[in-house]
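Chain residues, written in single-letter form:
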Amino acid sequence: GAVVSQHPSWVICKSGTSVKIECRSLDFQATTMFWYRQFPKQSLMLMATSNEGSKATYEQGVEKDKFLINHASLTLSTLTVTSAHPEDSSFYICSQDRAYEQYFGPGTRLTVT
Amino acid sequence: GENVEQHPSTLSVQEGDSAVIKCTYSDSASNYFPWYKQELGKGPQLIIDIRSNVGEKKDQRIAVTLNKTAKHFSLHITETQPEDSAVYFCAASPGTYKYIFGTGTRLKVLA
Numbered sequence: 001g002a003v004v005s006q007h008p009s010w011v012i013c014k015s016g017t018s019v020k021i022e023c024r025s026l027d028f029q030a031t032t033m034f035w036y037r038q039f040p041k042q043s044l045m046l047m048a049t050s051n052e053g054s055k056a057t058y059e060q061g062v063e064k065d066k067f068l069i070n071h072a073s074l075t076l077s078t079l080t081v082t083s084a085h086p087e088d089s090s091f092y093i094c095s096q097d098r099a100y101e102q103y104f105g106p107g108t109r110l111t112v113t
Numbered sequence: 001g002e003n004v005e006q007h008p009s010t011l012s013v014q015e016g017d018s019a020v021i022k023c024t025y026s027d028s029a030s031n032y033f034p035w036y037k038q039e040l041g042k043g044p045q046l047i048i049d050i051r052s053n054v055g056e057k058k059d060q061r062i063a064v065t066l067n068k069t070a071k072h073f074s075l076h077i078t079e080t081q082p083e084d085s086a087v088y089f090c091a092a093s094p095g096t097y098k099y100i101f102g103t104g105t106r107l108k109v110l111a
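Chains as they are written, first to last, in the working numbering: chain A, 1 to 113; chain B, 1 to 111.
One thing to keep in mind: the hints can contain errors.
[Stated by the list, open to error] With a straight-line Cα cutoff of 30 angstroms, these simulated DSBU-like cross-link-like pairs (lysine-lysine) come out:
1. B:K37 - A:K20
2. B:K68 - A:K66
3. A:K64 - B:K58
4. A:K41 - B:K68
5. B:K58 - B:K98
6. A:K20 - A:K64
7. A:K55 - B:K22
8. A:K41 - B:K57
9. A:K55 - B:K68
Hint data in this document are derived by calculation from the structure and do not stem from the laboratory. These figures come from a predicted structure and were not determined experimentally.
Could you build the full structure based on these sequences and the hints that come with them?
Below you can see the structure in the form of structure tokens.
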């Protein structure tokens with residue numbers, strides 16, 4: 001099956017700094033990948049759809065200037081949290097769609113101090 | 001708006017007993033219903049799915065049933081084991097990239 005990796009698995013950063021999270025598709029060329037956010041003991045919330053070679057599509061309420069998404073190749077999508085604040089602390093998960101079945105990465109836990 | 005309700009939010013069962021988690025969806029266009037298992041600190045893993053042209057699907061100890069008329073679908077785990085302990089999410093999709101997730105069920109299997 002499809003394999004999706006994320007790096008880093010966890011990161012701690014200071015308030016006001018930016019952090020980049022990478023999502024790689026290891027065995028499948030993904031023109032579309034997805035970024036989710038999950039708060040503790042809550043469900044997954046779709047943040048944006050990452051499209052290879054074009055702009056990402058953001059869900060309502062998600063600040064596109066704060067959460068920068070780049071999908072420069074068929075195997076790599078990146079999410080950059082800019083000017084991070086403590087309320088951005090969360091578990092960020094990417095996924096890829098393969099024949100309408102989604103395969104998730106292992107997630108990245110971001111803690112902003 | 002479109003939503004997926006999931007019950008119960010927590011479920012404790014004795015090892016060897018069965019566990020049932022139920023979901024109800026609102027979007028009648030939904031035709032794909034996956035179930036995910038999420039262990040602590042990890043991403044969700046697809047464990048079983050069902051499409052709207054099928055009423056039931058089974059994979060070893062796991063089964064999923066779908067009632068399109070009532071817009072209900074359920075996950076059944078038989079002969080539960082401690083390693084089944086995790087959070088389980090249902091989801092509904094109209095066959096596009098869009099998925100609506102349930103709120104999750106925390107399953108604890110007591111040894």
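Hints and how they fare:
| no. | hint | in the structure |
| --- | --- | --- |
| 1 | B:K37 - A:K20 | holds (26 angstroms) |
| 2 | B:K68 - A:K66 | violated (40 angstroms) |
| 3 | A:K64 - B:K58 | violated (41 angstroms) |
| 4 | A:K41 - B:K68 | holds (29 angstroms) |
| 5 | B:K58 - B:K98 | holds (25 angstroms) |
| 6 | A:K20 - A:K64 | holds (14 angstroms) |
| 7 | A:K55 - B:K22 | violated (37 angstroms) |
| 8 | A:K41 - B:K57 | holds (28 angstroms) |
| 9 | A:K55 - B:K68 | violated (36 angstroms) |
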